[in-house]
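Visitor: One-letter residues, chain by chain:
Number of protein chains: 2
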Amino acid sequence: MTAAPTTAAGPAATPTDSVIDIGPWSPAAFEARLRAVGEERYHDRHPFNLRMHEGTLSQDELRRWIANRFHYQRHIPVKDALITAKFDTPALRRMWLRRIQDHDGARDGEGGIERWLRLGEAAGLDREELLSGAIVLPGVRLAVDGYVNFCRLRPALEAVAASLTELSAPDLMRTRIDAFERHYRWIEPDGLHYFRTRVTQGRRDSGEALDLVLRWARTREDQERAVAALGFKCDVLWALLDAVDHA
Amino acid sequence: MTAAPTTAAGPAATPTDSVIDIGPWSPAAFEARLRAVGEERYHDRHPFNLRMHEGTLSQDELRRWIANRFHYQRHIPVKDALITAKFDTPALRRMWLRRIQDHDGARDGEGGIERWLRLGEAAGLDREELLSGAIVLPGVRLAVDGYVNFCRLRPALEAVAASLTELSAPDLMRTRIDAFERHYRWIEPDGLHYFRTRVTQGRRDSGEALDLVLRWARTREDQERAVAALGFKCDVLWALLDAVDHA
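Protein chains in written order, with numbering that gives the first Met the number 0: chain A, 0 to 246; chain B, 0 to 246.
Don't read these hints as lab results, they were simulated from the structure. Owing to the predicted nature of the structure, the values given are computational and were not obtained by experimental measurement.
With beta-carbon atoms standing in for the labels, derived distance ranges:
hint, chain 1, residue 1, chain 2, residue 2, range
1, B, W185, A, S25, 48 to 58 Å
2, B, T199, A, R214, 33 to 43 Å
3, B, L130, A, R217, 13 to 23 Å
4, B, R32, A, E39, 50 to 60 Å
5, A, R44, B, D234, 45 to 55 Å
6, B, E30, A, E53, 53 to 63 Å
7, B, T88, A, D210, 25 to 35 Å
8, A, G230, B, A90, 30 to 40 Å
9, B, D107, A, T218, 27 to 37 Å
Per the computed footprint, the stretches of chain A lying under chain B, defined by three or more beta-carbons under 8 Å from a beta-carbon of chain B, are:
hint, stretch
10, 88 to 99
11, 102 to 109
Each residue gets a CB set at the ideal place from its N, CA and C atoms; glycine is no exception.
Okay, chain A solo, but in the shape it has when bound (with noise of 0.2 Å):
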């Protein structure tokens, strides 16, 4: 048996084989490649993430990593809010507005930025200063304004599939919980709370949104754009890291 030509056009095309192209792939296939996409783009396979989870890093590169990162950190309320602003029923605002209160909290002092600055200051950063921005590269604005926009400006299908990173983010934390109590305990252990946080809080928020994008990519097309949204996300944060790896 030969491979079947990718293309409709292709030589060998029938009209079976075209159908066959652009139909939709099933819900199990669909899922598969967004994973797919987490499991080879994903920004735990980057340099500098390998670096900080074998403990090589030192102090300057892990702060410096920290406050970049929150420049990214603090803006996943304002694309979330701009997602939220994209669905025309209240359930699902209802759904997306619990992201946005996970990050700013019910009050001062709660929330997963407030967590942020206290693992800058739990490894030595002035709160200040991590707020002021004034230490974050243009990589990194850049990567987080490309994210942005992206959450901005394309449709809610797409958008929602950029958040699928989520479905690779809490086997993430729980490698950096380790790598951080093993490696560099110059930080204090209090410090790790947003990391703990965002293990319960990541499965279920990519939970709710793979459910989404598999009822909402009803075609080949569709699907095609929704794992290209989630590539794009990849480049996002591998970008982010970049940026800091090469600072």
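Please arrange chain B on chain A, whose structure you already have, making use of the hints.
Guide: Frame of chain A, contents of chain B only:
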């Protein structure tokens, strides 16, 4: 005494006049200008609203208004999510998120959008027809799109200033409840719960928004842009009633 020239470029202009002309209004004068916009241009003065409150609308006219105004109501959380996305602190986003929650509710069957649907049902309209949007007039769609896009595209100051029609809303709500109870007894009283809720919510919302606008508008140009934004919002509400009136 003659009146001072209104532009610094006028023949009688002096350096002192020029400074007076371009300096910011005092907070009290600025607030008075904002309130004057509401007094002059809020849709409580629209002929259709006057007829509504006099009790001379037919059942068909009142149903047409309820169905078309629903198109506006269901977009309130969308414009509020777009405004939330403009804020750069958890505290501001938290404040504005509550508006979304007021309209979407904490769970199915709650919130302002649900209450408006019940107003429609109390007036004999079908919930599914309301949700379908089939009876929404083109002029109403354009007015609502215009407002949502204003909140999408304009700076936070102007988007928040546009919300200051809420300064005039609580009084309108109380007049409306009286009018409905007196003139439109064919509407079940439970249907008026939306209006009752908005008296309190409107006062709180407009107070918060006014504080922000007074704080943020530091130059005369900012202040004038805020006044213009509120004028624009009055135009949106007026155009909505024009479309309903002329249908």
